[in-house]
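Colleague: Listed below are the residues making up each chain.
Number of protein chains: 2
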Amino acid sequence: MDSRQKIVDSAKQMFWRHGYSTTSPRQVMADSGVGQGSFYHHFPAKSDLGREVVDANGRELLDGFRADMAAAGTGATGRDRLAVFLKSTGDALAGCRIGGFAYDAGVIAEPTLHAALGSAFANVAELIEQTVREGQADGSLRADLDPAATAAALMSVVEGAFVLARASGSQSTADTAVAGALALLAPPAAG
Amino acid sequence: MDSRQKIVDSAKQMFWRHGYSTTSPRQVMADSGVGQGSFYHHFPAKSDLGREVVDANGRELLDGFRADMAAAGTGATGRDRLAVFLKSTGDALAGCRIGGFAYDAGVIAEPTLHAALGSAFANVAELIEQTVREGQADGSLRADLDPAATAAALMSVVEGAFVLARASGSQSTADTAVAGALALLAPPAAG
DNA sequence: GTCTATACCTTGATAGAC
DNA sequence: GTCTATCAAGGTATAGAC
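So the protein sequences, as listed, match chains A and B.
Position 178 of the first sequence, counted from 1, bears residue number 178 in UniProt numbering, the numbering being contiguous throughout.
Position 134 of the second sequence, counted from 1, bears residue number 134 in UniProt numbering, the numbering being contiguous throughout.
The set of hints was computed from the structure by calculation and includes no laboratory data.
Among the hints, erroneous ones may be present.
30 Å max Cα-Cα, derived DSS-like pairs, lysine-lysine [what the hints assert, rightly or not]:
#1 Lys6(B) x Lys46(B)
#2 Lys12(B) x Lys46(A)
#3 Lys12(B) x Lys87(B)
#4 Lys46(B) x Lys12(A)
#5 Lys12(B) x Lys46(B)
#6 Lys46(B) x Lys46(A)
#7 Lys12(A) x Lys46(A)
#8 Lys12(A) x Lys87(A)
#9 Lys87(B) x Lys87(A)
#10 Lys46(A) x Lys6(A)
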């Protein structure tokens, strides 16, 4: 594997686990085993690396959701596929691979990084909104729901579940939130 | 106002706007106008200040929610009061005053800070869960919903709405998510 | 309680040789 | 592309006088 790829791979992990602003180039060099000259040759500024990591995370998340939804099978309803998305909070304590960037002032302050982050979220939103429409078409979701608003609410549940889990130190907090959201999507039980 | 209070007031703003780990003691001193000797006399370690800020933010948020819910009047249903809570995302770009701490690795790494954060979230969760129960009692919410899970889902929507708004750079993203959640709480429209 | 001086470390690079 | 040396600034304090 070439140096550039080693740097990106290390940075993906470190920005995810420790945050973008609180991870230094030096830490990435140490983790990847790549030297300083090499690092700054490939990424003249830290934000260049940040942008590449955000872009890669966005693509991988989207591909992952698509694959997981497809794995639910042809018999799965739109609502089943949304449940697959909600359950991506299965390892909530680690945090969302893109959500962690949103609360980082150093990310928001860098226009190109911020733009990359916005794109990553927008791409996921598009997929979820489309899935809501499919659920309405197959009858698994209420027809009166606004697809864009419902998609935004579900993405919020996912992002918020990561926050709650980290604050409480407990995965079960995220699982509870997801269960609550699934119940709201389902038709009311009799009684 | 005494120095200690000046420090806490400045730190509340700066940790909120720029993050705990990415705000230095020096910046707080400069903003508050308090000198170095004074600062370290009152707060020997930065985490001591962090804990005080998290505790204060937690109390103020809770008091604010209670006051806003009470202001909805005696005719308001439980669901109306939950709507008041959801609309606390009205200035979402600034971020949640306690949610911003949850993605900060420096906060999670300090046991006493992490514990303070957990308490702040738990106190809000208790209020929201109680409000869900009241909504079920007054008939404004489905009786089949689990109160704890519904409360967790609604808190996630709020925390996630802050994340989405910051990622997109747009308040309207948060408003859309909240609207989607309110629609899910409401009984289905005819059709 | 508050002041100034000091200290040691990390950050985010840049310079110039190979 | 990669190496080592270097750097100015800032982070997080501590020491000791007033």
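Colleague: Of all the hints given earlier, name the ones this structure violates by number, lowest first.
Modeller: none
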